[in-house]
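Peer 1: Take these sequences, add in the hints, and give me the full structure.
2 protein chains.
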Amino acid sequence: MTTGATPRRRGRPARKDAESGPSARQKILETARAEFAARGYDKTSVRGIAKAAGVDPALVHHYFGTKDEVFASAVEISFEPALTVPAKVVAGDPGTIGERLARQFFAVWENPATRTPLLAVIRSALTHDAAAAVLRTFVLRRLLGQVAERLDVPDPEFRAELCASHMVGIALLRYVIKAEPLASVDMEQIITMVAPTLQRYLTEA
Amino acid sequence: MTTGATPRRRGRPARKDAESGPSARQKILETARAEFAARGYDKTSVRGIAKAAGVDPALVHHYFGTKDEVFASAVEISFEPALTVPAKVVAGDPGTIGERLARQFFAVWENPATRTPLLAVIRSALTHDAAAAVLRTFVLRRLLGQVAERLDVPDPEFRAELCASHMVGIALLRYVIKAEPLASVDMEQIITMVAPTLQRYLTEA
Numbered sequence: 001m002t003t004g005a006t007p008r009r010r011g012r013p014a015r016k017d018a019e020s021g022p023s024a025r026q027k028i029l030e031t032a033r034a035e036f037a038a039r040g041y042d043k044t045s046v047r048g049i050a051k052a053a054g055v056d057p058a059l060v061h062h063y064f065g066t067k068d069e070v071f072a073s074a075v076e077i078s079f080e081p082a083l084t085v086p087a088k089v090v091a092g093d094p095g096t097i098g099e100r101l102a103r104q105f106f107a108v109w110e111n112p113a114t115r116t117p118l119l120a121v122i123r124s125a126l127t128h129d130a131a132a133a134v135l136r137t138f139v140l141r142r143l144l145g146q147v148a149e150r151l152d153v154p155d156p157e158f159r160a161e162l163c164a165s166h167m168v169g170i171a172l173l174r175y176v177i178k179a180e181p182l183a184s185v186d187m188e189q190i191i192t193m194v195a196p197t198l199q200r201y202l203t204e205a
Numbered sequence: 206m207t208t209g210a211t212p213r214r215r216g217r218p219a220r221k222d223a224e225s226g227p228s229a230r231q232k233i234l235e236t237a238r239a240e241f242a243a244r245g246y247d248k249t250s251v252r253g254i255a256k257a258a259g260v261d262p263a264l265v266h267h268y269f270g271t272k273d274e275v276f277a278s279a280v281e282i283s284f285e286p287a288l289t290v291p292a293k294v295v296a297g298d299p300g301t302i303g304e305r306l307a308r309q310f311f312a313v314w315e316n317p318a319t320r321t322p323l324l325a326v327i328r329s330a331l332t333h334d335a336a337a338a339v340l341r342t343f344v345l346r347r348l349l350g351q352v353a354e355r356l357d358v359p360d361p362e363f364r365a366e367l368c369a370s371h372m373v374g375i376a377l378l379r380y381v382i383k384a385e386p387l388a389s390v391d392m393e394q395i396i397t398m399v400a401p402t403l404q405r406y407l408t409e410a
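As given, the protein sequences belong to chains G and P, one line each in that order. Residue 1 is where the first sequence starts when you use my numbering, and the numbers rise one by one after that. Residue 206 is where the second sequence starts when you use my numbering, and the numbers rise one by one after that.
Don't read these hints as lab results, they were simulated from the structure. Keep in mind that this is a model prediction, so the values were computed, not measured. In this text, a Cβ means the ideal position worked out from N, Cα and C, and glycines have one as well. Mixed in with the good hints, there may be bad ones.
[Said to hold, decoys possible] Derived DSBU-like pairs (lysine-lysine); straight-line CA-CA distance at most 30 Å:
1. Lys383/P with Lys293/P
2. Lys272/P with Lys178/G
3. Lys293/P with Lys178/G
4. Lys248/P with Lys178/G
5. Lys248/P with Lys43/G
6. Lys43/G with Lys256/P
[What the hints assert, rightly or not] Label pairs and their computed distance ranges (CB to CB):
7. Lys27/G with Ala312/P: 49 to 55 Å
8. Asp357/P with Thr96/G: 28 to 34 Å
9. Pro22/G with Arg252/P: 47 to 53 Å
10. Lys27/G with Asp334/P: 26 to 32 Å
Peer 2: If you want it as structure tokens, here you go:
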């Protein structure tokens, strides 16, 4: 590889240095995530993302494509903290997999920094079909798939989805609807109750 | 009670017959429910509800008050099919309460006529704080409270909320996100897996 000037790909518009390269791509992606989180799927536009990132809308399209594709990329980085969960869950004693899953999942949700972008994605998916399609594909392929392929039970994908449904439901009641006492109860109390449920779904035929 | 002309309350604007009485109130309420369901909380206005119902906006305010109060009333009728659930669940053999709860809950959700307004309420609650407050108050006081007060376990409200979180999570993954295989699996398969979980939450200390 030669050092010096970065080779410019054909078809890409000539731009000033601040708008090119991995740092511009990363900045657009972080801005897109923040915009989708703050405004929701409906009110976020490629033009608005470009303006907030200080770049031309054509550059957003160049790197990511359509609004749905920008959203899909933003979803992926929103779920990055969650992507390490399956490996931590499937490794270790199968007899405590339910508790590990609950702890890993809620650790991501109890931290506002990782909760906010996840919530934004889930809210978008519950109100827009395009966003639902992204979550459906992403969750199935990347998160649940990794857990399901390591399970030794009938219908492992179904079992993994039952676990996900319970934890997502708790997250929505606790952090969004803020239904008491679930919103204020100690997380350990939730884990104590829920871990045996997840354990049964993941290990009992 | 005298027959003939309906007495008109003080302060209520004089209107033609089609705009007064219980039928006008009912029509506004049904229209409000349909508008909130079709457009979501954000895009629904008192003015729009009035227009769709063919009445003056002042009449909507007269019967229901603010937009949030119209929404609260629309939520109540959306949940009417669900209001019979607690009585059916708490009556009968405590050893099968988990299965009864699952069957009653999903019977409401499997029917598109009763699912659609419920989904609209939940979507609104997940995206708007005012709508979340309505659901939080309503769900706690009317639905979960009726179940919790009949339970003989520690923290009955918490237990009832854990059940609700699981079933709502399944409903969202099955009917909104449409995550496979959960979206297509036979309802009996879901009930078989979930009933023992609900049974444990509701009866085991």
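Peer 1: Please list, smallest to largest, the hint numbers that this structure does not respect.
Peer 2: Nothing - there is no hint that the structure violates, so all of them hold.
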